[in-house]
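Chemist: Spelled out from the first residue to the last, the chains are:
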Amino acid sequence: MIRIGEIQESIRIAFEGLQANKLRSFLTTLGVVIGITFVILMGWFLNGLDTALESTVNLLGTDVMYIDKWSWSGGQNWRKTMQRKNITYQQAMEFCNSMKTAEVSLPEAHKWGTTVKERGRTITGISVIGVPYSYSQLPAGTILYGRFFSQFEDEYSTNVTVLGYGVAKALFPEGDAIGRTIKIGGRTFEIIGVIIKRGTMMMDFVDNQVIIPISTFFGIYGMTGRSISVAVKAGSAEKLDEVRAESTGLMRSIRNVPPGEEEDFSINETETFKEQVETLRLATWGIGIGLTLLSFIVGIIGIMNIMFVSVTERTKEIGIRKSLGAKSSSILTQFLVESASLCLVGALIAFTFCSVVIAVAVHLVPEADFLTPYVPPQLILIAAIVSIIVGILAGIVPAMRASALDPVEALRYES
Amino acid sequence: MSTPLIHIEHIARTYEMGGETVHALRDVSLDIHPNEYVALMGPSGSGKSTLMNILGCLDTPSSGVYTFKGLDVNEMTDDDLAEIRNKEIGFVFQTFNLLPRATALKNIELPLIYSGVSSEERKERAIKALEDVGLGDRMLHRPNELSGGQRQRVAAARALVTKPSIILADEPTGNLDTKTGIEIMKLFQDLWSKGNTVILVTHEEDIARHARRIIRIRDGKVESDTINPNPVTKFELP
Ligand SMILES: Nc1ncnc2c1ncn2[C@@H]1O[C@H](COP(=O)(O)OP(=O)(O)OP(=O)(O)O)[C@@H](O)[C@H]1O
Ligand SMILES: [Mg+2]
Numbered sequence: 001m002i003r004i005g006e007i008q009e010s011i012r013i014a015f016e017g018l019q020a021n022k023l024r025s026f027l028t029t030l031g032v033v034i035g036i037t038f039v040i041l042m043g044w045f046l047n048g049l050d051t052a053l054e055s056t057v058n059l060l061g062t063d064v065m066y067i068d069k070w071s072w073s074g075g076q077n078w079r080k081t082m083q084r085k086n087i088t089y090q091q092a093m094e095f096c097n098s099m100k101t102a103e104v105s106l107p108e109a110h111k112w113g114t115t116v117k118e119r120g121r122t123i124t125g126i127s128v129i130g131v132p133y134s135y136s137q138l139p140a141g142t143i144l145y146g147r148f149f150s151q152f153e154d155e156y157s158t159n160v161t162v163l164g165y166g167v168a169k170a171l172f173p174e175g176d177a178i179g180r181t182i183k184i185g186g187r188t189f190e191i192i193g194v195i196i197k198r199g200t201m202m203m204d205f206v207d208n209q210v211i212i213p214i215s216t217f218f219g220i221y222g223m224t225g226r227s228i229s230v231a232v233k234a235g236s237a238e239k240l241d242e243v244r245a246e247s248t249g250l251m252r253s254i255r256n257v258p259p260g261e262e263e264d265f266s267i268n269e270t271e272t273f274k275e276q277v278e279t280l281r282l283a284t285w286g287i288g289i290g291l292t293l294l295s296f297i298v299g300i301i302g303i304m305n306i307m308f309v310s311v312t313e314r315t316k317e318i319g320i321r322k323s324l325g326a327k328s329s330s331i332l333t334q335f336l337v338e339s340a341s342l343c344l345v346g347a348l349i350a351f352t353f354c355s356v357v358i359a360v361a362v363h364l365v366p367e368a369d370f371l372t373p374y375v376p377p378q379l380i381l382i383a384a385i386v387s388i389i390v391g392i393l394a395g396i397v398p399a400m401r402a403s404a405l406d407p408v409e410a411l412r413y414e415s
Numbered sequence: 001m002s003t004p005l006i007h008i009e010h011i012a013r014t015y016e017m018g019g020e021t022v023h024a025l026r027d028v029s030l031d032i033h034p035n036e037y038v039a040l041m042g043p044s045g046s047g048k049s050t051l052m053n054i055l056g057c058l059d060t061p062s063s064g065v066y067t068f069k070g071l072d073v074n075e076m077t078d079d080d081l082a083e084i085r086n087k088e089i090g091f092v093f094q095t096f097n098l099l100p101r102a103t104a105l106k107n108i109e110l111p112l113i114y115s116g117v118s119s120e121e122r123k124e125r126a127i128k129a130l131e132d133v134g135l136g137d138r139m140l141h142r143p144n145e146l147s148g149g150q151r152q153r154v155a156a157a158r159a160l161v162t163k164p165s166i167i168l169a170d171e172p173t174g175n176l177d178t179k180t181g182i183e184i185m186k187l188f189q190d191l192w193s194k195g196n197t198v199i200l201v202t203h204e205e206d207i208a209r210h211a212r213r214i215i216r217i218r219d220g221k222v223e224s225d226t227i228n229p230n231p232v233t234k235f236e237l238p
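Line by line, the protein sequences give chains L and P. The numbers in the first sequence follow my numbering, run straight up by one, and end at 415. The numbers in the second sequence follow my numbering, run straight up by one, and end at 238.
Calculated directly from the structure, the hints in this document are not laboratory data. Backbone N, C-alpha and C define an ideal beta-carbon position, used for all residues, glycine too. It cannot be assumed that every hint is accurate.
As the list claims (entries may be wrong) - Quick list of simulated restraints, FRET-style, between CB atoms: (1) L:Thr312 with P:Thr21: 22 to 30 Å; (2) P:Tyr15 with L:Ile396: 25 to 33 Å; (3) P:Ser115 with L:Glu409: 21 to 29 Å; (4) P:Gly45 with L:Ile396: 34 to 42 Å; (5) L:Ile385 with P:Ser115: 26 to 34 Å; (6) L:Phe15 with P:Glu131: 24 to 32 Å; (7) P:Lys87 with L:Gly286: 55 to 63 Å; (8) P:Thr226 with L:Phe15: 50 to 58 Å.
All chains should be modelled from the sequences, with the hints used to inform the complete structure.
Modeler: Pasting the structure below:
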């Protein structure tokens with residue numbers, strides 16, 4: 001049985017040793033420092049990715065799907081997709097009117113890359129979205145302040161607009177957008193509301209949009225020449241399969257897709273994002289794990305080497321301790337604690353280094369705002385555990401050699 | 001007569017050195033009883049340290065019987081031997097064998113760490129042991145900040161702090177001048193008179209004269225084993 005006193009003693013000895021050989025200790029922990037740095041940075045990035053995915057899923061709603069000419073995930077045959085016919089407004093409306101299982105379904109018309117003007121200021125790269133008033137029932141239509149447009153405003157093609165968070169932030173940083181006017185497509189619109197912030201790294205464009213009644217949209221940009229998206233909210237995640245099945249069948253029949261032939265439209269869901277994130281995650285792991293393992297191998301060799309040196313240097317000390325009644329297990333523990341402490345110090349250095357790097361990176365790259373500006377707390381624990389495991393791996397052979405030393409031989413040893 | 005503390009019978013210890021067998025101990029039989037004061041004497045290479053290491057359970061004999069307090073040492077595991085060294089034996093070495101980086105107090109606490117004594121009690125007992133050897137004012141000194149005699153007194157305090165059954169000292173005065181040597185001998189005399197068992201290796205007649213029993217070893221065998229008729233009890237400093 002190993003006693004607490006012995007462990008405390010081992011930790012004390014370990015840190016005495018580290019202090020006595022600061023430079024040597026630092027150099028030998030370098031491999032571990034780099035390894036743990038990879039672990040932390042990887043974990044931090046993946047953690048950010050998960051957060052981004054989660055917020056994206058939340059903003060779209062797990063029970064919402066978009067029926068589009070395009071597939072969000074790409075990946076399919078580009079030329080084939082290009083040849084698909086647009087989804088017309090008539091098709092979209094026929095779909096929405098026939099849809100039975102979904103809670104809400106509505107058409108969305110998009111105009112990408114337009115400019116909006118406000119008192120002489122112009123911002124570009126804005127999407128104008130035309131939707132019916134029922135859009136407010138989708139998570140994407142959640143109002144931050146102000147209100148959404150009414151059925152009346154929708155039907156009478158009123159020039160009212162609800163701004164995306166990014167647009168509102170750019171034009172009215174004070175938060176006083178309501179009642180002001182902006183120019184969209186050359187016409188003056190009254191701002192009646194602002195949508196909550198929805199953007200993340202993968203979907204940052206969603207905040208750079210302005211929403212207007214779909215009838216108004218057609219009045220400005222025309223009804224033809226564009227493909228309409230259909231947003232379908234199932235109502236609950238359990239109903240997704242049912243709603244997907246109905247949507248597919250309905251759209252196939254509306255667009256006259258013969259049985260057995262491939263659909264000429266895509267049903268896009270949050271699943272698509274999960275797949276993208278999964279790809280990114282695998283790529284991160286693929287690169288990260290290789291580098292991490294490599295640095296740990298280098299680290300383990302370095303620490304094992306220094307531990308052998310330490311055992312040799314302290315042969316006499318081991319003899320003295322054994323003569324005073326230290327068991328082999330006590331000596332083993334002492335050296336394992338020492339190499340684990342060495343690695344733990346490495347982890348501490350890595351942690352400090354990563355904290356700085358992460359804070360600076362998030363500060364310098366605004367697009368990285370899906371990443372936390374600090375090391376996530378659970379990673380500190382993981383880094384500590386990993387470093388202790390690495391320390392034990394590196395220390396086990398030298399520690400066993402130390403514990404197996406013959407006391408008389410060890411006492412005789414002169415350094 | 002009381003049961004012997006140490007009983008050895010036909011002990012031998014050999015070393016294999018490049019195909020040759022070195023006989024460090026050939027055939028030694030001894031009984032040592034509680035509160036004896038024994039000096040082991042003999043020329044260099046005669047096997048004194050080898051015998052001492054076996055008696056102290058640091059080493060085990062190649063053949064022969066060793067019973068310590070009635071227990072067969074040959075039957076013991078390494079951990080059992082470590083426990084005997086920890087609880088029953090106090091070593092004092094010629095080269096002091098203190099840990100250079102640890103303070104006097106920490107050095108004395110070491111054996112108590114391995115017997116699982118709590119840290120407060122450890123400190124208390126270490127301070128007491130250090131005061132008993134007259135070094136209460138040197139607690140936080142490291143070995144290189146102490147004189148040879150002081151170092152050996154720290155080593156003695158460390159040997160005594162566990163209240164062992166027996167003190168084994170291998171040439172404890174070998175690295176000391178006469179004056180500090182006498183100080184250490186006075187310490188052993190005190191220990192013995194308080195009831196401790198002391199075994200002392202030396203090749204100096206002057207030192208051996210303090211013991212009550214003198215065992216002479218030659219070529220790994222006991223040459224003579226005699227009672228010292230008039231042991232020195234006065235300590236005059238030259
Ligand atoms: N590890 C060893 N390997 C080989 N031979 C050894 C070993 N240890 C001791 N010996 C031999 O055993 C014999 C006895 O050695 P020991 O150290 O017991 O002598 P000693 O009586 O203590 O001598 P000294 O007075 O010089 O300290 C010597 O001949 C020595 O060379
Ligand atoms: Mg010797």
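Chemist: The structure should be examined with respect to each hint, and the outcome stated for every one.
Modeler: Here is how each hint holds up against the structure:
1. L:Thr312 with P:Thr21: 22 to 30 Å: Since the Cβ atoms of Thr312 of chain L and Thr21 of chain P sit about 29 Å apart, the hinted range of 22 to 30 Å holds.
2. P:Tyr15 with L:Ile396: 25 to 33 Å: For Ile396 of chain L against Tyr15 of chain P, whose Cβ atoms are near 30 Å apart, the range 25 to 33 Å holds.
3. P:Ser115 with L:Glu409: 21 to 29 Å: At roughly 24 Å between Cβ atoms, Glu409 of chain L and Ser115 of chain P fall inside 21 to 29 Å, so the hint holds.
4. P:Gly45 with L:Ile396: 34 to 42 Å: holds (39 Å)
5. L:Ile385 with P:Ser115: 26 to 34 Å: Holds - the Cβ-Cβ distance for Ile385 of chain L and Ser115 of chain P, about 32 Å, lies within 26 to 34 Å.
6. L:Phe15 with P:Glu131: 24 to 32 Å: holds (29 Å)
7. P:Lys87 with L:Gly286: 55 to 63 Å: holds (57 Å)
8. P:Thr226 with L:Phe15: 50 to 58 Å: holds (53 Å)
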